[in-house]
Amino acid sequence: MPYFTKLLLLIFCLVLLVESRKHRRRRWTSHLDVQRASHIFKKNQDLTKARKGKTEQLLKIDEHDFTMRPAFGGPAIPVGVDVQVESLDSISEVDMDFTMTLYLRHYWKDERLSFRSTNNKSMTFDGRLVKKIWVPDVFFVHSKRSFIHDTTTENIMLRVFPDGHVLYSMRVTVTAMCNMDFSRFPLDSQTCSLELESYAYTDEDLMLYWKNGNESLKTDEKISLSQFLIQKFHTTSRLAFYSSTGWYNRLYINFTLRRHIFFFLLQTYFPATLMVMLSWVSFWIDRRAVPARVSLGITTVLTMSTIITGVNASMPRVSYIKAVDIYLWVSFVFVFLSVLEYAAVNYLTTVQERKERKLRERFSCSCGIPHSKTMMLDGNYSESDANSLAGYTRNQMVPEEEKPEKVVVHLAMSNESNSSRKRGLKGHVGLRIIQNTHAIDKYSRLIFPGTYIVFNLIYWSVFS
Amino acid sequence: KREIKVRKLDSTKVQPLKSEQLLHIEDHDFALRPGFGGSPIPVGIDVQVESIDSISEVDMDFTMTLYLRHYWKDERLSFRSNKNKSMTFDGRLIKKIWVPDVFFVHSKRSFIHDTTVENIMLRVYPDGNVLFSLRITVSAMCFMDFSRFPLDTQNCSLELESYAYNEDDLMLYWKHGNKSLSTDEQISLSQFFIEEFSASSGLAFYSSTGWYNRLFINFALRRHILFFVLQSYFPAMLMVMLSWVSFWIDRRAVPARVSLGITTVLTMSTIMTGLSASMPQVSYIKAVDVYLWISFLFVFLSVIEYAAVNYLTTIEERKQLKKRGKVSGMYSMDAAQAMAFDGCFHDTDVDMDLSPFPDPCEENETRASQTNISNEDTPRLRRRRSLKGNVGRIILQNNHVIDTYSRIIFPSVYIVFNFFYWGLYM
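Chains as they are written, first to last, in my numbering: chain A, 9 to 472; chain B, 1210 to 1635.
Just chain B, with the same shape it has in the complex:
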């Protein structure tokens, strides 16, 4: 039994008609577009970009959230109204009427937000004009060129097209020309500077299906370089400068100079590995690769330079010793000198073997205790001293040259390289 109750005159119920009756939904066949069989229907598009969520270099895509609005006229939805105001309906009504089937070309994933309900707005004007708005997040492909990374600018675009209706059935156009594209006030990316947003349109041809109207949302992104300067360029520069420190250290400190050179090579290698983790594996050289590899080369050359210095020193020594008749390369030195030479701690004076491959620390110690006694021989000392005097002077003068030149050549070549690099890429 239905309950019959007397309804109060409810001011909220001015129009007792249902929306279906209002818009004649039963007569409306949503499978047929407005003007079916006739001229193409013009559909205007308006886009407000809410945010660019992320740009991924590895996947070469970008994610954007936007409000997409369609404007078209459907005579079948016109209704009588005395004040000419539009009526807003619930989003679920679109299942019952015809709507344009716009899709995003080259998109990977997209969805219409549906919390708390599907983010859809349908507004119908009395003359049949319809405003249909959606909130969408779309991930679309963007072909990126990294040959100038990280001093690069990427151009990406989001493309809209109707899936089924070609140019003869549906004409897609920007509603307000170039002003159809607006952005939220706070749109910004952490790593990029958004240079410009522009709208353009074109025609796309598909061999099987014909010509379609395609609308483009183009934007250019310029990368902020400070992060990469701090992360890659600056450490690399410092490592190269550190490798120059080796030219100022006495060339007799073999372990010191070698460990300095090799540790800077190791740090450069770590810097290079750290950067390539977040990059796609492209088949060409990037700008940052050029810088890092040349810096690596400088550091490498400083190690080779010291190897040359050391080798030439040893050769000279041997030549001089052979000339004076001394066969072995034994020198008597005090503890401090020996420490500087081989890095092992000595507390007594030793007889050092200055051959290219010096003995390890323990052997030197044992020899030291043996030679302590013989050091008291003054005449021998005198003669040794005299020989050492001339020979040492000659050796010092000869090989110091490479170091002296390197102290000037390496920094200046590096500075010239920097001028070229930054001048070319900036």
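For reference, chain A alone in the conformation it holds in the complex:
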């Protein structure tokens, strides 16, 4: 019994060995046979495979010479163009260009691609078929950079109708030049245009036209820019001549952008106006506070200079004056003049002082003059002398502003009680002196604001 089982086992092992070797041989020698063998099974009725022909067979791509346009050697082929603008991505003043993303659709008829169909419906093919057929070579004139989006695959659509009409659509982002005029910046409107043209085919080979006239250009409902208001989009077409190559059809997408001024109001105009107003504060400060008035003036000049530098950082270096430059420079001049005004006030005060001192000394040397007598000369009580190093006499002080206590003290200190005469003298001479130098400040308080307001009225009415 065990002998028999051993024999059976041996035979079983041998059979297994032979079988496995057979399989290995088959795998290496004939793939096709194995595959065919493994794939023979009954197919379900697959609705997605109604047509067994491949696209190449359907559209007869092998016979299609993509290097030759439809009607090669014959009349010009008309190609309709339709554009839907998805977004205006950015407008750059420094580079003078704009970036736009759009769906560009071409419509033409190529008999070589016609196929028989029962229901007259179009067939949509994969975008990669474009490499094998002829397509119009439209390009964007004056474009700097452009690309066809290719995520997740190239954004290209190819749809062929049974009679040979083709709809070819792609999604493109293009950065194109736009000549901008900044003479009214930031109260300006820019008109930019995107131009489409065929690169190789002239007017006699390819006629480019807007498919639906003015309705060919559509925009997404939400198209908007942060800094601009898009006023209108419209289409035009024209012929362009190149001396070496001839006449070409050119299509234009024109749009007008009006800048929102609010940002510049907050950023530039408002700070400049505030600085000018701050410089007027100096006219109301006592002119004897020399460091205060000087540092107020000079710091407003410094701030204006910083504002001006800040604006020019984000602007192209143009060769003409912009509207914002006019405003900032006139404001700078106002601030500068307020510093000069105080220099004038200070200088005239010093000159006046010296004159008075000379006048006083002409009478006699100042030694031994009783206190009261000097009062008669200048009409004012001066506790300390005009010849001291600081030099500003009490003459400049407005008599009415004297504190009551001081008046009492002064009266008590005087040797002769001719207070009435003092006050009388004080009245005339003091008033005259105050009128002399204080006048510039008084006038400035009215002139500077008045002139600035007039300038503002003129500026905003001219540029708005």
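These are calculated hints, taken from the structure and not from any lab test. Accuracy of the hints is not assured; some may be wrong.
What the hints assert, rightly or not - Facing chain A, a subset of chain B residues (Cβ under 8 Å, in silico): (1) Gln1257; (2) Glu1266; (3) His1322; (4) Leu1331; (5) Gly1483.
A virtual CB, placed ideally from N, CA and C, is assigned to each residue, including glycine.
Following the hints, put chain B in place on chain A, whose structure we already have.
Just chain B now, kept in the frame of chain A:
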């Protein structure tokens, strides 16, 4: 099973031949140039400049977009035609024929635009003449000299050359001489004025490979100066004028004059820093640097001038006081005078210490309250007044001189400097 259908007589299909059959592409070996082994093939070049996109000082390069057209004759591409008209083919055909290998010498980056398809045009005439056009954007080097910036003119050039074929194989020439170079009507730059565009040609020698034909597109750019006048020159001039204001202010107002001087120095420094941010770091002095540094020097000197005035004033004072026997430098002044002197607000009369380093405001106030009582001493007042009279007069006369001269000297020297500067550089 192929679908057999009866084709209508299609007027768009006048020529049933394919382009390859038309141009005998299978026989065409694009690795061999026309006239291989024989005389050099002449290739004409025509350029239309679409735009100069940007000029960068920092990188010392320029970016230009142009239509580059090649004209040559290839017998292998001739075909029979009854009307002698040229045939335009799709750009992809150039992969199958020979084309000249022109490249841009000294270019940094360049690309052929490829939206919506590669911007290439191929036009073949029946006798074999070929017109091959491309739209290219190229960034090329331009050596710039900034020693007269911003009153400078830069000369840049774009150079075309064949990469593989030297003078014995390919002769590159301008198709229409000097008129081969045309520009778009609207070509303009914001910062520059394009003075002239000209075409020239030359030979370039490479020691390893021989002589090559090189074509040059030269253009000169003159910078618009208004931007720099507004941005740098004008503020600098105003700052210098502002520093002169200090000579007209009373020299006893120490804080005022010092803060005026030092703030103008600060503003000049800011202006200079702002300009150098957009410039390459060159090893020589630019024209604008000369102006700004000399203006800075003027402003600096006005500060030094006031320091001299102040110092001499103090010395004189001390001398005079020592002569009269008064040791300390205490003066009695009223509130207004004290305010002008040290900038602190006083509402009572103080006894000021006029030494070079005056005490801070609080100490003066405390002293003021103490001295108020003593001010009522009339005889003392009288004597003080008399002393002050003579001394003050002498001091005022002596040191006022520097200021008086400065009021004339500084502006006139600055005006003379301006005449020299603008006369030299314009």
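Evaluation of the provided hints:
Satisfaction of the interface hint for Gln1257/B is found here, the shortest Cβ-Cβ separation to chain A being roughly 7 Å, below the 8 Å cut-off. Interface restraint check for Glu1266/B: the shortest CB-CB distance to chain A comes to about 11 Å, outside 8 Å, so the restraint is violated. For His1322/B, the interface hint holds, since its Cβ comes within 8 Å of a Cβ in chain A; the closest pair sits about 6 Å apart. For the restraint placing Leu1331/B at the interface with chain A, the shortest Cβ-Cβ distance is roughly 7 Å, inside the 8 Å limit, so the hint holds.
Interface hint status for Gly1483/B: upheld, as the beta-carbon distance to the closest one in chain A is roughly 5 Å, under 8 Å.
Checked against the numbered hints listed earlier, the structure breaks hint 2 alone; every other hint is satisfied.
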